[in-house]
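Please arrange chain W on chain A, whose structure you already have, making use of the hints.
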Amino acid sequence: MLWFSLLVLIPLTAVIVTASGNGWVEFWRAVTNEQTAAAIQLTVGTAFLVTLVNIVMGTMIAWVLVRDERFFGKRALEVLIDIPFALPTIVAGLVLLSLYGPDSPLGVNIANTRVAVFLAFLFVTLPFVVRTVQPVLTELDREAEEAAASLGASRFTIFRRIILPSLTPAIAAGAALSFARGVSEYGSLVLLSGNLPMRTEVTSVRILSSIENDNLESAAAVAAVLLAISFVVIVAVDVIQRRVVRRG
Amino acid sequence: MNRIRATVALALVGTLALSACGGGDGATGNATTLSIVGFAVPEAANKAIIAAWNKTDEGKGVRFQSSYGASGDQSRAVVAGLKADYVHFSVSSDVTRLVDAGLVDQIWDDGPNRGIVSSSVVVLAVREGNPKNIQGWDDLIKPGIKIVTPNPASSGAARWNALAAWGHISANGGTDAQAEEFLTKLFGNVVSLPGSGRDATTAFLGGTGDVLLAYENEAILATQSGEKLNWVVPATTILIENPGAILKNADPKAKPWLDFVLSPGGQRQFALKGFRPIIDGIDTSGIEGARDPSDPFPTPQKLLTVDKDFESWSALSKKFFDEKTGIIVKIIAASGKA
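For the record, the sequence lines run as chains A and W.
Each residue of the first sequence is one higher than the one before, starting from 1 at the first, in the working numbering.
Each residue of the second sequence is one higher than the one before, starting from 1 at the first, in the working numbering.
Derived from the structure by calculation, the hints contain no laboratory data.
Watch out, some of these pointers could steer you wrong.
[Unchecked claim] Stretch by stretch, here's where chain A covers chain W in the computed footprint (C-beta under 8 angstroms, at least three residues):
id: 1; region: 149-157
id: 2; region: 188-197
id: 3; region: 200-208
[To be verified] Derived Cβ-Cβ restraints for the label pairs, each shown as a range:
id: 4; chain 1: A; residue 1: Pro165; chain 2: W; residue 2: Pro143; range: 52 to 62 angstroms
id: 5; chain 1: W; residue 1: Ala315; chain 2: A; residue 2: Arg243; range: 40 to 50 angstroms
id: 6; chain 1: W; residue 1: Thr184; chain 2: A; residue 2: Asn109; range: 24 to 34 angstroms
Even for Gly, the Cβ is constructed at its ideal location relative to N, Cα and C.
Chain A on its own, in the form it takes in the complex:
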């Protein structure tokens, strides 16, 4: 608990204290500033969409990694999956810029659009769901599935009633991580997104602008809002997860 306090609780408290340093009126003004509100909306909205995609794709990738014995590139995929996580984010940004920017060898140019933000989030959050689901799937007892099949359950029913309930806690944990990471992302998208106000500017860039103007209170206020949103989402994910498990 002491360890946790030193690392997490004290810095978080400092953010909240700084945020309230100028009183409620200023706090409210900082977070409802048109440009900031647009940035928060974009960041949270995109992180949410990205998390939905990750829940589906991440589970599928984990499935392929664990269950598909014939899949040829399995070993390679197993190693490659962590690269977005291991890469310094600014390097990831450079890679994305050269692949999907104006000089794209693929002929795809999404630079300075909201798609760029979505893509950058997707890139850095890919491993989360995969890595949380994979070990659970490996440990999963296949006898229950076989028993269900022998009793005449369809493959879909087996997936829904047997497999999904055991995977749900892992998927939920991965989703929460992926959402939180997306909300705070900065490095990988600064080069590709263009930081255009009201359009592609994300919240972390707004926070940075406030710090550059020596307005720590406003920076902390925006950070506190992000914290609150992340907290609500993580709790919500947990609640949903419990429901699904109970019904399963």
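Structure of chain W alone, referenced to chain A:
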């Protein structure tokens, strides 16, 4: 008993080893280490100046520890306790922050150089061969021109770019309203607002946009390192003046170091890396990467300065870049809604 003896022996050996180290340092004359904290751009130039200074009697044997990063971040780090003997920032307000914190003397900018150690001008960098035929500020607001500039809201250094654009109108007989209109059109053509000058250059070299608002020294340095780009010095531009200062509790060697930076020897090294010398009579031959080696630093028709045309940094920061009421901050926010 044996253990005690062993401990004593060990301590003796340790002491000997330590004194041997000390002796080594003493032999080279002195063991001064100066800490430089600076913004990212002049890193290469400062390295060259250190090498030149180390060859002089005064600077012989002085070692340096340096830290480079975004100007504002570096300034805040020094306030927060990062050790520094000499600071070199992009804008004066970053030194003023240290004055306010009691780390730099009030009179840091009283010398003949007014606290400035390096300078450059804002230029318009374009693609090789200048396919869009950009010749000056007015070409930037033509429809379809895509501009990249660091974000003046988040990058203190990018404010020079916005001021140069403003000056193009205000210094040529335009009113504030006309300048505002010009900047609104200009930011309407901006396709990317990266957080720092470095990020903007990277985005531009990565293919984004037709024009990059940049510093002349950055353009020269990029050309030196093999990047392919051209640039135009617009008829009206602003003199970028980067301040340098020594801290109150700096090592005594910091003063001769600053003197050397300001001397012809130091300014020559700056020139070689693309900075405009702050004193006359510096040899500007042999500057690699310059557009025209015989005239590496062409004189623009009208060269604005902060003191002459914008009063002072604190005045202009409030007028243009205040988070809530700054004219340029508002223009940028409005550009997103167009």
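Structure-based check of each hint:
Counting residues of the region 149-157 of chain W whose CB falls under 8 angstroms from any CB of chain A gives 5; the rule of at least 3 is met. With 6 residues bearing a CB less than 8 angstroms from a CB of chain A, the region 188-197 of chain W meets the requirement of three and the coverage assertion stands. For the region 200-208 of chain W, the proposed coverage by chain A is satisfied: 5 residues have a C-beta within less than 8 angstroms of a C-beta in that chain, meeting the threshold of three. Between Pro165/A and Pro143/W the CB atoms are about 58 angstroms apart, so this pair conforms to the stated range of 52 to 62 angstroms.
At about 60 angstroms, the CB distance of Ala315/W to Arg243/A disagrees with the hint of 40 to 50 angstroms. Remark: the range hint 24 to 34 angstroms for Thr184/W to Asn109/A is upheld by a beta-carbon distance near 26 angstroms.
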